[in-house]
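A.B. asks: Produce the complete structure using the sequences and hints provided.
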Amino acid sequence: MDDHSQRAPADIDAVTGRTTTGHEWDGIRELNTPLPKWWLWTFYACIAFAAVWVVLYPALPMTGATGLLGHTARGDAERDRREQAAAIEPMLARLRAATPAQILADPDLRGFAMAGGRMAFANACAGCHGAGGQGAPGFPSLADDEWLWGGDLAAIEETIRHGIRAPDDDATRNSLMPRFVADGMLTVAQAADAAEYVLALGGRSTDGASAIRGAAVFAENCASCHGERGQGSREMGAPRLDDRVWLYGGDKAGILRTISLGRNGVMPAWESRLDAATIRMLVIYLHSLGGTEQ
Amino acid sequence: MFGIRFNHGRIERNLILLGVLTLITISIGGLVQVIPLFTIESTIERVGGIRPYTPLELAGRDIYVREGCYTCHSQMVRPFRDERERYGHYSLAAESMFDRPFQWGSKRTGPDLARVGGRYSDEWHVLHLRHPRELVPETVMPDYAFLDRPLNYADIRERLAAQRSLGVPYTEEMVANARADLEAQARPAEDGAAFAARYARARQMDPDGNPRAITEMDAIVAYLQMLGTLVDFSEVTPERLRQQ
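Chains as they are written, first to last, in my numbering: chain R, 58 to 351; chain E, 38 to 281.
One or more hints might be untrue.
As the list claims (entries may be wrong) - Distance windows between CB atoms, simulated: (1) E:T108 x R:D201: 32 to 40 Å; (2) R:A200 x E:E171: 16 to 24 Å; (3) E:P248 x R:A162: 48 to 56 Å; (4) E:A231 x R:Y114: 16 to 24 Å; (5) E:A250 x R:T123: 49 to 57 Å; (6) R:L318 x E:E171: 13 to 21 Å; (7) R:Q288 x E:R279: 22 to 30 Å; (8) E:F270 x R:C103: 35 to 43 Å; (9) R:T123 x E:T274: 17 to 25 Å; (10) E:E276 x R:A200: 42 to 50 Å.
These are computed hints drawn from the structure, not numbers from a lab. Ideal placement from N, C-alpha and C gives every residue a C-beta, glycine not left out.
C.D. replies: What follows is the structure in structure tokens.
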């Protein structure tokens, strides 16, 4: 049996002057072009490196899965977190110890809280309230001085910590806008009159007779929360109705829908998701964004 | 170099030798994938709170899979500091132990959803799924307004049974009451005591505000709102998170 690979590569290719492998197909012989030595030794070095790596780092699940160095990705993450926490802890400790008013009075603390609050807002709040706090239909603007539940430091902190109608927080802010038509408390005609009266509160009514009929409906059904003149109530989170700021649309169709089917917006409670210092920074940031109410 | 000159010619001419050596080479690749599965028991952390999905959540999960949400959203908070800052505690193996199949994903066009539960209101999810750009102007997420259609849950009992056959610990009682539990969760006005007894920390909800119909929207929001909420991390010690 003719064994090509065993044959000494004595053949020299006439054209290139190089040796051949001895493999021959129909008179054509393959040039012997071995891998470059530098490449080959790099390859061997990689294998040696891998052998060491497998022992030091987690690669063999049967041997404890952490390797000789005891490395884990979770351990790394935890160490990273501790290092970062240690770096900013002095500022966070001052934040936690200070009252919001003291934070506002201290330029260092205030600057730190504004920067941290802006980051926390972008992550936790912007999805609903908009990147600049401008709000969206159904999600209040935080960039104006109109507040449903109060816009001073304490009220903002209370809202962030416990949310509004948050299903998983017993101390959450709670109130109920009934479904007046859907639950049979008002007829559609009565609701339409009430909507016309609400328009009149803002000086926008176009149907005086309907608005006058609506005044009685309003006094009986709406005034207990929204006030006799629609001035609103922060205790119940009942919006003002005599201005031009509307959460769910201020045209007659929107108002009629609200009266008919109710509106009960929900804001999550953040106390269990954000630490105390982050909430404090958010309060400072939002207070500056929304009118700095005292 | 090693005394015996390596001779591939001999391997190539001996069919049985070639077959055996090929088998050995391929099985190394296979073993690398299979062996870690033998340690699965020690991979899953010993944390409390994990339960199988409620029937409504399971139906929502099926919609999540059907719509391919995993192609843009991962469900895996990795153990890095920046991920912790944005999403919260890193994901645990225990949190997807009842996922058949898991939805970890590998691509984030949108944000990770492993801890999205409770971050937004039910209403936000409904409005956002219908028309994402009304709430987040810069998003490229498609509209899912068509989910406002009745949920087909005629086979919900079989779906639970199928999960059970795969090892998800649904009890016979849970399977038998699958339909009733689904309807109880989607109708907050009804008494949900029996449902709540079977599924801890599950909330009755009607996200789309339409009490006349149980829609696909209700189901997927129920699923999204429970993601990442089962483990109470304030009660989890490092000891319990240790794998092995």
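A.B. asks: Next step is simple, just say for each hint if it's right about the structure.
C.D. replies: Outcome of the hint check:
1. E:T108 x R:D201: 32 to 40 Å: 39 Å, holds
2. R:A200 x E:E171: 16 to 24 Å: For E:E171 against R:A200, whose Cβ atoms are near 18 Å apart, the range 16 to 24 Å holds.
3. E:P248 x R:A162: 48 to 56 Å: 51 Å, holds
4. E:A231 x R:Y114: 16 to 24 Å: 51 Å, violated
5. E:A250 x R:T123: 49 to 57 Å: 53 Å, holds
6. R:L318 x E:E171: 13 to 21 Å: Holds - the Cβ-Cβ distance for R:L318 and E:E171, about 19 Å, lies within 13 to 21 Å.
7. R:Q288 x E:R279: 22 to 30 Å: Check failed, 58 Å falls outside 22 to 30 Å.
8. E:F270 x R:C103: 35 to 43 Å: 41 Å, holds
9. R:T123 x E:T274: 17 to 25 Å: With Cβ atoms ~19 Å apart, the hint holds.
10. E:E276 x R:A200: 42 to 50 Å: Taking Cβ atoms as reference, E:E276 and R:A200 lie about 46 Å apart, which means the hint holds.
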